[in-house]
Structure formats: structure tokens, C-alpha cells
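K.L.:
Listed below are the residues making up each chain.
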Amino acid sequence: METATPKVKGALRSRNQHLSFFFDNEKVLGTLMIAPAVVYILALVGFPLVMAFVYSFSDITIGSSDFGFVGFENIKSLIGDFEFKLALKNTILFTAVSMIIVLVLAKILALILVKDFRGKFIIRALILMPYVAPISLGVIGWLWMLDSIYSPINWLLQRTGLFGPDFWPMWLGKPNLAISAIIAVHVWRMLPLATVIMLAGLASIPQDIQDAALVDGAGYFRQLFQITIPMMLPIMLVAVLFGIVFTATDIIIILVLTRGGPYNSTQVLVSKAFYTGIDAGDLATGAATALFLFPLLAAVAVFMLRIARRTEVA
Amino acid sequence: MTPRIAIRNLWKEYGDQVVLERINLEVPAGEFCTIVGASGCGKTTLLRMIAGLEKPTSGDILIGGQVVTHLPPRARGIAMVFQSYALYPHMTIYKNIAFPLKAMGMAKDDMKKKVDWSASMLAIERLLQRKPRELSGGERQRVALARALVREPNVFLLDEPLSNLDAKLRTSAREELYRFQKDVSITTIYVTHDQVEAMGMGDRIAVMNAGKVRQLGTPDEVYSDPADMFVAGFLGSPPMNLIETPDRIVGFRPESFLPQQMHEGIGDLVSLPFTVTRIENLGADRLVYGKLEERFGHAAVIANLPTSFTSYAIETKQRYDFAVPRKDVKFFDPRTELRAKPIPL
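For the protein sequence lines, the chains are C and F, in the order given. Residue 321, in the numbering used here, is where the first sequence stops; the numbers in between run on with no holes. Residue 346, in the numbering used here, is where the second sequence stops; the numbers in between run on with no holes.
Keep in mind that the hints are not guaranteed to be accurate.
[Claimed, not checked] Some chain C residues flagged as far from chain F (calculated, every beta-carbon gap over 10 angstroms):
1. Phe30
2. Met58
3. Ser71
4. Pro182
5. Val222
6. Phe253
[Claimed, not checked] A few chain C positions that, by computed beta-carbon distances, are all more than 10 angstroms from chain F:
7. Ala44
8. Met152
9. Gly171
10. Asp223
11. Gln233
[To be verified] Below, a list of computed lysine-lysine pairs in the DSSO-like style, where the Cα atoms sit at most 27 angstroms apart:
12. F:Lys56 - C:Lys122
13. F:Lys56 - F:Lys113
14. F:Lys342 - F:Lys318
15. F:Lys56 - F:Lys115
16. F:Lys56 - C:Lys127
17. F:Lys109 - F:Lys56
No lab work stands behind these hints, which were simulated from the structure alone. Glycine residues also receive a C-beta, built at the ideal position from the N, C-alpha and C atoms.
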């Protein structure tokens, strides 16, 4: 017995040491645990991104495996292309206008929702609905709402007397109306997320500071513009950046509502890239088109990382 | 001249919960009045109502004889310093201090003069271009005071402004704040849960408990002449000894409960022999825990002996002849908990 005990102990110790080499060593365990995420990102984000760069400098098409390097030819011809310029302009227009509207509306909604009132829970749930519903279903709903013959919106406005008996706008059939409709749906889509972000920002302003502003003699608008909004600025920026990414890269709304029409008037970079690269088979030009989103999204990403960094420091 | 504050029959209820019950309080012009009580006693609610941040259920608040109960905070001529200081984090110190003036619509030049004056009063001129987050706790407190002072308010309302400072800084800040209030002589209401602050700074103290003002008086009055058992038990560390007898609660301060011979020549004494159970030496004081005799139901009491009485040796489990001067013994009615007529002991 006396001799057996140290042996068993020794064996246990060595086995524990063996295991603890893995579990106590941050380098080994850390690498092991982060590996799936790295593989995932490299395979599904990194690889396609590199391919997009490679394709945009080539003459590759869907139909053949020929691969010729053409340098900046694709990009040059795109820059001269009227339809491409329209898509670029639309991307910026849709994103900018819907973001401005979303910001203002979300701010107002957040200011209302932060107050206590009866039925607040239901209103909050309703406002969140567009965000939790599948986007394609929501947009198909809008397709019906904006239908050229059966539009409930038109019917309602005519019945209430706001539209004359002969006034029946074709929301998705006229360029300007279609642009407005697309922007409106983008706003509908982004508003919930922006509202929730702003609500969080609003709730994070200490009550003491709001009270101090009141005691210091600030009226409602002074308080709003000199205390509330400046203090919410960082979080509003987060809402804007999310909004830019979601709006600028969205294809579903265009694909379901207008397919870029009428007369390409609602074509955006993503839809244009899809139609050129996949539908028309010109992979090279499609990739080059999509690549124009890169600087915009890269700038947004850098900005976001900066904000994240700043909140970490503070 | 700064006005007096009067609070008349103030009630506050949230639903069926009574937070403040018939508060009556008069603060004469220029007085430093402290409100002390445990957390949840309603003292902060009372202060917020004086500021106009909350509406009372009934009753009136008067500042300088004028009823301000339904006026918004900005129309009351008050300034408030919050526990967190509530500095605006995105503004420089200069802009923080100038904010109340800007809200008044003051011209830029006048504003600068005022801010400089206020900053010099609190010796923070060199901080004006910094942001609040770059300041230490003590500096932030001064900025909060400067911002409160800048538009020369009628009334200062201070909500535990020292509780975020560390213990060492708090003592000097207490002294500074007291001097400052005497210099500007603005009527001040100071809310705190710290009885040392309340006793040390207040011209008068209001002791609050469960939504009521239990006693209002000078620090000396509330300490040596408590109006009820709550005040007796709340103030002092250790608090007043309270002993149950058949028809009175008998109270006496641990520091007047001393060995018989130490009272020599003071006059009429009440003899209370007791058996020591534990001794705590706290440096300046020696706390002696023990039990009284059968006659007082072996009630547990504390004596507070200055350590300078080293000649008097005390050991546990021994019986000693302690006594209290008769004038220092207080009597309370066990039902109402209020002060009652003395009975012979």
C-alpha cells in the first residue's frame, strides 16, 4: 500500500498536466476556439471578396472558362456608362434620403416611446414588427399595397376624399413615384432598428442631467438640441452606419418591387451588379459594378470600429 | 437679500404609497438647513419638489413669500447640485457653467464676466477649457457649485454633494462648502444621509423618517434633546441607549454613561450599576458593552469612555458602578415614542 499510493498520485499528476497543457495554455486553446470563425469568414467573406477583385479586372463570363486579364477596362467602360452612373446616383440618393428621414422619425418615435403611457407595450411591439418580419414577405406586402390596379392606399385615399375620383397614381410605374416608393419602403424597413437604438441612447442619458438642465432653466428645445441630441450623437451615429450598410446593400426591395424599372430609374449598384453579372452572364462587369460599394462600406466599417474603440476606452 | 423658504402641509403620494406626509418646514433667509434621514425616507423627494422637478399631491411651497408650487423649475430662481454633479459631459467646463446664463439669454460679454467671477469664487479658473471627464471628483464638485452659483440663485439645493468623494476629501470639502455658503449667504437646503455632515454643517437640522419630519432644530437641540425615539436612535454613534421600563422608555447617551467617580461634583446622578461583557478600543474612545441589573431587565447598554481616562481599568465580566447625570436622562412614551414626563428612577 505504502508504495502504491505515490505511483497512483504520480500517474494522476502527469495525466492532469497533459490535459492542462491544452486547457491552461491560452495560445493553444484560443487558437482552437477562434478557428471556426476564422475559417467561416475566410471562406464566405474573404474568398468571394478576393474573387470579386480578380473578376473585375478580367473578361470572365458565365458561359465559358476563358480568363483574360483586362486591367481597368471594365471600370473605365462602367464610368462612361449612363446606366451605371444612374445606379450609382440612385444608391447614394436612396441611402442618403432614407437615412435622413429615418433619423428624424426614429428620434421623434424614441422621444414618444420613452414616455410612460397606456398601451406602450403594444405600440412598441407594432413598431418593431417590420424588423422581425422576413424582409421578402414585408416587401411582397408592399407590392400589393402599391399595386397599379388594386392599391389599397389609393382606394383609401380616394374614399376619404383626399384623392379626386380620377386620380389614381401608379406608384411603381412612374420613375419619380417609384423612387419615392422605394425610399418609403426603405424607411419602413430601417425605422424599427433605428428607433430601438435611439431608445437605448435616450435611456442612457442620466436622469440627473435632464433634471440639471431643467433646473438650469432650459426649455424643451434647448434641452433637446443642446443636451439630449449631443449626448446621443455617438449612438445616433451607430444607427446611421447600420442604416447605410443595410440600405446601400439591399437588393430585395428593388428585386421585388420594381426590378430596377421603370426605365432603370430605380436601379441601384447591387441590383445592377446582379442583373449584369448573373442574369446577363457578364461576371466581370457585374463584379466591377459591385466593387464600387467597397470604398463606401470600407469607410463605414472603419468608422464603426472607431466608435467601438472609443466606447471601449470610455 | 435672499428669501426664506416655507413648506406648508406638503403631501406626496405615488398610488396608495405615501412618500411624504404633512411636511412643514421653515428655512429663514441665509440659513444652512440640512435634511438628514436614512435612504428612502423621502428627503430627496422633498428636495426635488422644492426644485420643481416633482409635483406635490397637496400642500404648498413658498420661496420668499411667493407660492411656487406649480411653477416650473426655471421660474423658481433656484440652483441645484446633484449627487452625481450632473455635469454636461459633452461641454467644456466653461460651457457647463455658462449654460444657465445662456438659457437666460444673457449677452456674451456679460456671460464671460459672470462665468469668470463664479469660477474664481471656487478657484477653478484653470479648468475652464477642460471637459468634465478630465476632472477629479473634488474638481467636478466645484464645477457643479460654480454652475449653481453663476446666476446668483435665491436658493441652493444640494443633494448629497459630498457622497461621491473619498473620505479624506470629504472632510475638507465639508469645511469648504460651509465657508462658501457663509460667504455667499444664500439660503441653502442640504440633503444627506450622513449625520456627521448634517450635524457639522447645518445651522439647523431636519431629521426625517418614513416621510415625516421628526424634529427640526439646531444640531445641539436634536442631539441632546431628541423629540422622539427615532431621532434618539438615529443620531449619535453609537446611538442613545434606550431601556424599557414598565411605563417609560429611558434614554441616555453612551458618553454621559460613565463610572460614578468621574461624575464627581456634577450634581444629581442616577446610579446604574452594570456588568461588562465586551470592550472595544477605538483609539480616541473606549466603547464598553454591558448589561444592566435585574431592575432594568438586564438591558444591553453601551458606555463611551474617552481613552484619556486610562486610570480607570475595566475588565469584562466585572460589575461596575456607572451613573448618568439626572438631567441627561430622557424619557419616552412607549406607545407614541414621543418624549414624556420624567418618572423617578
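K.L.:
Looking at glycine 171 (chain C) again, its CB stays over 10 angstroms from all of chain F?
P.N.:
holds (48 angstroms)
K.L.:
Holds or violated: lysine 56 (chain F) with lysine 113 (chain F), Cα cutoff 27 angstroms?
P.N.:
At roughly 35 angstroms apart (the allowed maximum being 27 angstroms), lysine 113 (chain F) and lysine 56 (chain F) break the hint.
K.L.:
Just checking, aspartate 223 (chain C) versus chain F, shortest CB gap more than 10 angstroms?
P.N.:
Incorrect as stated: the minimum Cβ-Cβ distance to chain F is 4 angstroms, not above 10 angstroms.
K.L.:
Checking the smallest CB distance to chain F, is glutamine 233 (chain C) really beyond 10 angstroms?
P.N.:
violated (8 angstroms)
K.L.:
Mind verifying the non-interface call on proline 182 (chain C)? Its CB should be farther than 10 angstroms from each CB in chain F.
P.N.:
holds (43 angstroms)
K.L.:
Checking a non-interface call: every C-beta of chain F should be farther than 10 angstroms from the C-beta of alanine 44 (chain C). Is that right?
P.N.:
Consistent with the label, alanine 44 (chain C) stays out of reach of chain F, its closest Cβ about 34 angstroms off (over 10 angstroms).
K.L.:
Checking a non-interface call: every C-beta of chain F should be farther than 10 angstroms from the C-beta of valine 222 (chain C). Is that right?
P.N.:
violated (5 angstroms)
K.L.:
Can the restraint linking lysine 342 (chain F) and lysine 318 (chain F) be considered satisfied, given a maximum Cα separation of 27 angstroms?
P.N.:
violated (34 angstroms)
K.L.:
Would you mind confirming whether the straight-line C-alpha gap from lysine 56 (chain F) to lysine 122 (chain C) stays at or under 27 angstroms?
P.N.:
Within the cut-off at roughly 17 angstroms; holds.
K.L.:
Is lysine 109 (chain F) within 27 angstroms of lysine 56 (chain F), Cα to Cα?
P.N.:
Given that 27 angstroms is the threshold and the Cα spacing comes to 34 angstroms, the pair is violated.
K.L.:
With the threshold set at 27 angstroms, check whether the alpha-carbon distance from lysine 56 (chain F) to lysine 115 (chain F) stays at or below it.
P.N.:
violated (32 angstroms)
K.L.:
Quickly compare the C-alpha distance for lysine 56 (chain F) and lysine 127 (chain C) to 27 angstroms and report which way the hint goes.
P.N.:
Holds, at roughly 23 angstroms.
When held up to the earlier numbered hints, the structure conflicts with 5, 10, 11, 13, 14, 15, 17 and fits the remainder.
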